[in-house]
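In case you want the letters, here they are:
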Amino acid sequence: MASAIHMPRLGMTMEEGTVVEWPVAPGSPIAHGDVVLVIETEKAETDVESPVSGFLRHTYVEPGETVPCGTLLAAITETADEPFDADAFHAAENRPEEASGGGGLEVHAPSAPAAAEDAPSVPRDKPVAPAARAAARRLGIDPAAVPGSGPGGRVTKQDVEAWAAAREALVPVADGVALEVLAEGEGDTVVLLPGLGTDVSVFARQTPELAARFRVLGINPRGVGLSDAPDDDAYEVARTAADAAAAFDGAAHVIGASLGAAAAIELALGHPDRVRSLTLVTPFTEASPRLLSVADGWRRLAREAAPETLAAALLPWFFSSALLDDERARARTERGLAQTLGRVSAATLDRAVAGMRAWSGTRPDALGDLSVPTLVVAAGEDLLTPGGAALAEAIPGAKLCMVEAAGHAVALESADEVNAAIAAHLASVD
Amino acid sequence: MSRDLSTGGAINEAIAIAMRSDPDVILMGEDVAGGGDRSKDGTEEMGGVLGTTRGLIGEFGMNRVRDTPIAEMGLLGTAVGAAATGLRPIAELMFMDFLGTGLDPLLNQASKLRYMFGGKVKVPLTVRTVSGAGMQAAAQHSQSLYWMTTGIPGLKTVIPSSPADAKGLLLASIRDDDPVIFCEAKGILNQVGPVPEDDYEIPLGVANVVREGSDVSLVGFGATVGIAMKAAKALEGAGTSAEVLDLRSLSPLDESAILTSLEKAGRMVVIDESTPRCSIARDVAALCVDRGFDFLNAPVKCVTAPHTPVPFSRALEKAFMPSAQDVLDAVAEMG
Amino acid sequence: MELSRDTLLETYRRMRTIRAFEEKLHELVVAGKIGGFMHLYAGQEAVAVGVCSNLGDEDLVGSTHRGHGHCIAKGVDVKAMIAELFGRSTGTNKGKGGSMHIADVDRGMLGANGIVGGGIPLVTGAALTAQVKDSGRVAVGFFGDGATNQGQFHESLTMAANWKLPAVYVCENNGFGEFTPTEFVVPVKDIVERAASYGMRAEIADGMDFFDVYEKAGRAIELARQGEGPTLLECKTYRFHGHYVGDATPYRNKEEAEDWIQNRDPLDLFERKVTESGVVAGGDLREVDGEVDALLRSAVEEAESAPNPEPSDVLTDVYVEYPS
Chain C
697 MASAIHMPRL GMTMEEGTVV EWPVAPGSPI AHGDVVLVIE TEKAETDVES PVSGFLRHTY
757 VEPGETVPCG TLLAAITETA DEPFDADAFH AAENRPEEAS GGGGLEVHAP SAPAAAEDAP
817 SVPRDKPVAP AARAAARRLG IDPAAVPGSG PGGRVTKQDV EAWAAAREAL VPVADGVALE
877 VLAEGEGDTV VLLPGLGTDV SVFARQTPEL AARFRVLGIN PRGVGLSDAP DDDAYEVART
937 AADAAAAFDG AAHVIGASLG AAAAIELALG HPDRVRSLTL VTPFTEASPR LLSVADGWRR
997 LAREAAPETL AAALLPWFFS SALLDDERAR ARTERGLAQT LGRVSAATLD RAVAGMRAWS
1057 GTRPDALGDL SVPTLVVAAG EDLLTPGGAA LAEAIPGAKL CMVEAAGHAV ALESADEVNA
1117 AIAAHLASVD
Chain Z
71 MSRDLSTGGA INEAIAIAMR SDPDVILMGE DVAGGGDRSK DGTEEMGGVL GTTRGLIGEF
131 GMNRVRDTPI AEMGLLGTAV GAAATGLRPI AELMFMDFLG TGLDPLLNQA SKLRYMFGGK
191 VKVPLTVRTV SGAGMQAAAQ HSQSLYWMTT GIPGLKTVIP SSPADAKGLL LASIRDDDPV
251 IFCEAKGILN QVGPVPEDDY EIPLGVANVV REGSDVSLVG FGATVGIAMK AAKALEGAGT
311 SAEVLDLRSL SPLDESAILT SLEKAGRMVV IDESTPRCSI ARDVAALCVD RGFDFLNAPV
371 KCVTAPHTPV PFSRALEKAF MPSAQDVLDA VAEMG
Chain D
7 MELSRDTLLE TYRRMRTIRA FEEKLHELVV AGKIGGFMHL YAGQEAVAVG VCSNLGDEDL
67 VGSTHRGHGH CIAKGVDVKA MIAELFGRST GTNKGKGGSM HIADVDRGML GANGIVGGGI
127 PLVTGAALTA QVKDSGRVAV GFFGDGATNQ GQFHESLTMA ANWKLPAVYV CENNGFGEFT
187 PTEFVVPVKD IVERAASYGM RAEIADGMDF FDVYEKAGRA IELARQGEGP TLLECKTYRF
247 HGHYVGDATP YRNKEEAEDW IQNRDPLDLF ERKVTESGVV AGGDLREVDG EVDALLRSAV
307 EEAESAPNPE PSDVLTDVYV EYPS
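Protein chains in written order, with the numbering used here: chain C, 697 to 1126; chain Z, 71 to 405; chain D, 7 to 330.
In isolation and in its complexed conformation, chain C is listed as follows:
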């Protein structure tokens, strides 16, 4: 019978040791307690005593070799010539300890949520609360399309649920495209068309007065508010006009602001029978270099900054010096503008601006063909579309309401004057 000598573990930190020498030659007798080998650890040379008496039958490790603790170093047999199989003994007794740390690690692929592959990708810069993502997954909608009400435009669970509920009431206007149409009041129809990058809330100060006498339909164009945002290269102005035409029955008084005025012009040219009157608020037919430049900056900011930042940057382009000089009015207006801007995604802006560029300069000569009663509202401090008065002159029979101390967003800034002019205009048509 053979006994094993392993590389001993001497101390808590020892993981390996070096064989220094075998003082006893293989085959020699050895007594219990005799030094059978000398090893070196990180600290010192140490004698290893034989645990039994017998004969040093076989050594497995040469002097100078460093091996892990537990490695079989030698075999001692009771007698010098008993049968002994060195390899079999090694197989049975060699137990090198694994160095601490060690392998055997398994890396699992992250478990993807069930709907992940189908889920629309949310832009990184669009803050969507985890609960909103979960609700969107459940309701099968794209959270990127949902306007957020939280700080920084964060989409909340409530936003998603409200959006989903509101989408039930959307008005289909083309194949696979439905628009958000906000209706208020009773009577003859008035259609409101907002400008670039804004929703019908820009008519917030007109709507109550109009709704007292008319059925007001505020139409959010493609990509705005809850309206669908098809993945087109551009939202053509004529397309916006056609969408609007599909969103109401019969004939209506059409009020458009800025790019919305462009759509109103297209609507009146394309479907004069559907338009009882036109009100063009700060209209243009040729986008100025300044307007295009502001629009491009707006697109970039919409991608990179929160709506609050965007509102702060755009405010001076939309409002008069007098308003900017009034701290409270400025702060209130900026907050309201941020909410409005938060309802339009950067992708929608890209498409709307592309539509505006394509339309710009295509219609100046057609203004003379407009045959419906028209009111042009222009502003004295309009930096973006300063040619309103000239445009009014090009339209046969058009009236002009010029508000001197207002900016591009004249309908918000000088609502009383604008409302009075609209009221008179609509009354004159009846």
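Calculated directly from the structure, the hints in this document are not laboratory data.
Hints may be right or wrong, so weigh each one.
Listed next, the in silico DSS-like pairs over lysine-lysine satisfying Cα-Cα at most 25 Å (straight line) [said to hold, decoys possible]:
(1) Z:K192 <-> D:K139
(2) D:K85 <-> D:K139
(3) D:K242 <-> D:K260
(4) Z:K190 <-> Z:K303
(5) D:K195 <-> D:K139
(6) Z:K190 <-> D:K139
(7) Z:K190 <-> D:K279
(8) Z:K300 <-> Z:K388
(9) D:K260 <-> D:K30
Chain D regions said to be covered by chain Z (calculated; three or more residues, Cβ under 8 Å) [as the list claims (entries may be wrong)]:
(10) 94 to 105
(11) 108 to 118
(12) 121 to 129
(13) 135 to 143
(14) 220 to 234
In this text, a Cβ means the ideal position worked out from N, Cα and C, and glycines have one as well.
Given the structure of chain C, go ahead and fit chains Z and D onto it with the hints provided.
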């Protein structure tokens, strides 16, 4: 039947009930009897620095109510040994700050004996201790160190928020077969409220919805439940419906109650008297991110003390302690 | 010789079991079959057995990181101990404690303790239980010379003396706290001098002499049982191995160590006394040696083939009850 008692009075009553109903329950600690002439009727004794255990020596005598030397490690270690051999001791660690001089018996003995021995022993020990700021007791007598005991497997940590809860939770703690750290927050010790007269237990590990709400969940424990209630009333005035969840015990932690409340409101503020690092507040916030991610409508906000020692000056201590205004600010910030 | 032949043989069996147990462990650790920190008791057998021979099953002992000897002296099952050190589910602690926490409360063994001095207040608490319940039990705390510098020692002995608890505090002064000679770190010549500050009885025993320990511990235990309060008993002894397995003891005076090991081995002393008295023959003791060796051999064999705990067992025994 219930009558009004202070939290301290409710704790005194719970100890008396536990000692009457089980002869193995003893009370030990520094000044728990509190001096006096032991040959008399027990009316001279102080009953602890805050008077919480006053009168118990009179009813239960010196064999079961023991003043120990001011030697926290010895007293807690002896209590652990007594608990492991058949008694059900209530040991008082006068202030939680004194964990510094008494930790080993809790950290390395009470919490681990059962596990190390393969389940062959139980340690039915209750350590009552006063935690928290608010008495101008300054840096060494005001800490909220329940995060420390909560982080030690094998210990349970309980912290009541009202007189009635203090009685029911303390009775459950004393009768629990595991070591329990029972924190008496200074902020509620003098609070007075209705306490039922009978012998009742409030189960450990079950949180309590103190107030129902749907817009934001305010999670508190101990003295911060009162802060949460105050904030909830202010929020109600502003049209925000706040739920208030009292954790009652920090270990075991009622995770499902926290997640249920988060799911309901989508927003959560955790209010914790302790300093922020490794706090219960952040532990709960981490739970919400880990297991309630899809419920989150906003970031989970932690309202805690700052990462500083507790100051002395009334003005500084007020600035140190979490307030209802801090909670309202957190709610506004999360949107 | 007032002890009977049977008692003497049983005493020898316990001391011999401790010695053989520790030598076997040394072999198993060096061979890499057993892991963890291992502190051997060999050399101090007369203390554990001398004290515990005065105790009944219902009495309690608290121990140290060098606790195998106390377990065996208190009657803990050797096979379950070996299984524990192999980390098997059949071990005394189901593989959850190992050498530094080996325990068997059913045998009144309140555990080895990995914290130096950590067992002293536990024993004090056990004595408090005995006093409150008036159970007549005595609790004995074993600890080393190093532990008497710990706050837990002073705080516990103060409390025990105040309350006259039925406790005996047994200091095994083996001359070293880990690697540092006691005289470097303990400012009194004898540990017993410390007892004066608690107003506690104290006595010194020859820790290599079973009979001296037996007699003095017996007196202290009896006084404790009679309600006469605690005693500090200092047993002067020697640790035959280093602080732990693998400690090559370069810090130790080789001649001094040789003297203790060759000339003052407690088993040799015991054998000389009992054989010279004629109550027991040398052959009787060799017979015990053979039985002890056989017991350990089968203990190792059984432990090696015993099942490991299940990985899921890591979660059990933390609490009596814990809602998930």
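Evaluation of the provided hints:
1. This hinted pair checks out: K192 (chain Z) and K139 (chain D) have alpha carbons roughly 18 Å apart, not beyond 25 Å.
2. Under the criterion of a C-alpha separation no larger than 25 Å, the hint pairing K85 (chain D) with K139 (chain D) is inconsistent with the structure, at around 34 Å.
3. Between K242 (chain D) and K260 (chain D), the direct Cα distance comes to roughly 19 Å. Compliance with the 25 Å bound is thereby established for this hinted pair.
4. Between K190 (chain Z) and K303 (chain Z) the CA atoms are separated by roughly 50 Å; this puts the pair beyond 25 Å, and the hint is violated.
5. Straight-line distance between C-alpha atoms of K195 (chain D) and K139 (chain D) comes to about 38 Å, which puts the hinted pair past the 25 Å bound.
6. Distance check on the hinted pair: K190 (chain Z) and K139 (chain D) sit about 21 Å apart at the alpha-carbon level, within 25 Å; holds.
7. With a C-alpha separation of about 40 Å, the suggested pairing of K190 (chain Z) with K279 (chain D) is violated against the 25 Å cut-off.
8. Between K300 (chain Z) and K388 (chain Z) the CA atoms are separated by roughly 16 Å; this keeps the pair inside 25 Å, and the hint holds.
9. Distance restraint check for K260 (chain D) and K30 (chain D): the Cα-Cα separation of roughly 23 Å lies within the 25 Å cut-off, and the hinted pair is therefore satisfied.
10. Only when three residues or more bring their CB closer than 8 Å to a CB of chain Z does the claim for the segment 94 to 105 of chain D stand; here the count is 7, and the claim holds.
11. Coverage of the segment 108 to 118 of chain D by chain Z holds. Counting CB-CB distances below 8 Å, 6 residues qualify, and the rule asks for three or more.
12. Given a C-beta distance limit of less than 8 Å, the hint that chain Z covers the segment 121 to 129 of chain D holds, as 6 residues qualify and 3 suffice.
13. Coverage of the segment 135 to 143 of chain D by chain Z holds [criterion: at least 3 residues with CB-CB distance below 8 Å; count 5].
14. Given as covered by chain Z, the segment 220 to 234 of chain D fails the check, having 0 residues with a CB less than 8 Å from a CB of that chain where 3 are the minimum.
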